[in-house]
Every structure is written in structure tokens, then in C-alpha cells.
Amino acid sequence: MHPRTFIPEAVRATAAEQARVISFEQAKALGLSVTQLRRYLDEGHWTRLARGIYLVGPTPPDWYSLLWAGALSAGPAAAVAGLAAARLWELTTQEQMPISIVLPHSARARADSSWWEFTRRRSSFRIVGNPPRLSLEQTVLDLCGLEPAQSAHWVTQAVGSRRTTVPRLRAELADLHRHPARRQLTQLLADVGRGAQSPLELVYLRDVERAHGLPAGRRQARSGGYRVDVAYGFGLVVELDGRLGHVGAGAFRDMDRDNFHAMHGVETLRFGWQQCHAEPCRVATMVAVRLQALGWAGEISSCRRCRLVPSRDLLHL
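Letter by letter, the sequence shown follows residues 1 to 317 in my numbering.
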């Protein structure tokens, strides 16, 4: 036994930048010998995670350590993908296992494990960042292809983070030879480009406003120093309240904004997810009634769902 384990400072620094993980090739280039490596392993100072990939230190690996280990073991042409890439882009807090890693189709096939899932891809992909991952745009479009029903969530999360834009997502989609949800994404990007910034705002735009022939509101409009979800040109605004941002200090901001609008003769209607998702026809009727009272000369249109709802149930006013 050696009384003290000496690890070159450059090796420590590199491992620290990679969640305590280092490859043998990296360590060798920084001056570590095979003899030293064997001693670290024998004495329990290092742990082998994969062939040629090691964890520095005696404590177990965390999720980021395993992510780095998978990326390093797959080689410089590989990238973290899927939900793991979304976690790195801060689009989710979920640290899913196994961690998805993509490789070029020409790369050697690698066996999956409980830690990693390797996929060889024919189409080209861009590698960015540390740890190496798919670009934000490719990550979002991949997730939308895997779960089309969650597309609104991923697109609005990405655009709302201000790390990407609708034009960049649209350009990335156009570059893809094929995508399983291309038509859906094309419409989704158009709606997000009009200012719908959350799944709830998309539901209101599609199932309430557009489906019932209401006038097109201005989204994310400025009104007296405040930003409103939907502003109509008849002295009416619609606020769409998800859970986030509407509690605590957010609730007081909402009250202050509503009071400001009331002082200036502007009415506010508020709706949540349950109302817009489960009762869009009733929500549309309420908005139409107020718009007509304020001077809108149009008429509400019936959607397919309206025909299934008795007219007496559209308004409980």
C-alpha cells in the first residue's frame, strides 16, 4: 500500500470538468502511466465504468458521471440525445436512465446497458457543448418525433427558454429528409410564431379562438407596461393561467394588472387548463358574448364539439 496516492493535477482537473470521469487516453496524454492506473484501481481510488473509462474517487457515480462516461466511451463522433440532452439544455429536470447516445451509422455498434442506450444514425447531426450533445433544435425535433403528443410542450419550452427561436426550429425541420410529425410541427411552429408561448395558450388559440371564428387576438401584447396573453381590440383581454407564475408574487402581479385594466375600462377574462381543454366551446361562448357586448359585430361559429354540447350548457351565466 502507498501511504499517499498521487494523481497528477492535470488529470484531476480534467476529471473534475467531466463529473469525475476520465478516459485512459486522456489520462495517458496528461502523463498517467499504466502502472499508476492499475494501482489506483487496485486500491479503490478509481473505478472502471466502461472499457477505458474511469471514475476518479471512491464515491459512487452520479447521473452526470454516467452521462460523461457514456459519451467518452462512444467516442468523439457521438452525442448525448433524447431526454438526457433535454436535461443538459435545461428543458426538463428528469434524469432518465438509460442515457441515450447517438453515433454515426459508420461507427462500431455498441451494446446497450442499464446505463446507456446507443443508437447509430444515418442522418447527420451536430455535436455541441460539454458534455457533447445534440443541438437544442435537433433535441427538440427528436423528442417531438418520439412523442408527437408532447410536441407543444417541447417547442414552447425551448422557445420560452430563449435559447432558440421559431425560425431556427423551422430551418432545422426543413433540413430533415423526413420527420414523423412534420405536418403537425409545421402548424405548431406557425402558432408559436404568432405568440402562443405555452401548451395552454396553444389550446386557447386552436380550440377556442380559431375553432369558433373569434377575432384574432394579439398575443403577448403590451398594455400599459404589462404583458397580456391575448388582447382584443374591443376593450377585452384574456389571461390564461397555468400553475406556474400565478402564485405568490405572480398572483399579486396578476391582481395589479387586472386593477390597472379595470381603471382604464378594459375587461379581463381568465381561464385555466381545465376550462380551455375540457370546455373550449363554453369558453368561446363567454368570450364571444363579451366581445359582442363591447362592439364586435361578428358571430361565433360552431365547431365539431359544439354539436355535441346542448346549447343550454354552453352558458351557465
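Don't take every hint at face value.
Restricting the straight-line Cα-Cα distance to at most 20 Å, the calculated cross-link-like pairs of lysine to aspartate or glutamate (EDC-like) are [unchecked claim]: (1) LYS28 - GLU9; (2) LYS28 - ASP42; (3) LYS28 - GLU17.
Don't read these hints as lab results, they were simulated from the structure.
Okay, the hints, checked on the actual structure:
1. Between LYS28 and GLU9, the direct Cα distance comes to roughly 13 Å. Compliance with the 20 Å bound is thereby established for this hinted pair.
2. Between LYS28 and ASP42 the alpha-carbon distance is near 18 Å, which keeps this suggested pair within the 20 Å criterion.
3. Distance check on the hinted pair: LYS28 and GLU17 sit about 17 Å apart at the alpha-carbon level, within 20 Å; holds.
Checked against the numbered hints listed earlier, the structure breaks none of them; every hint is satisfied.
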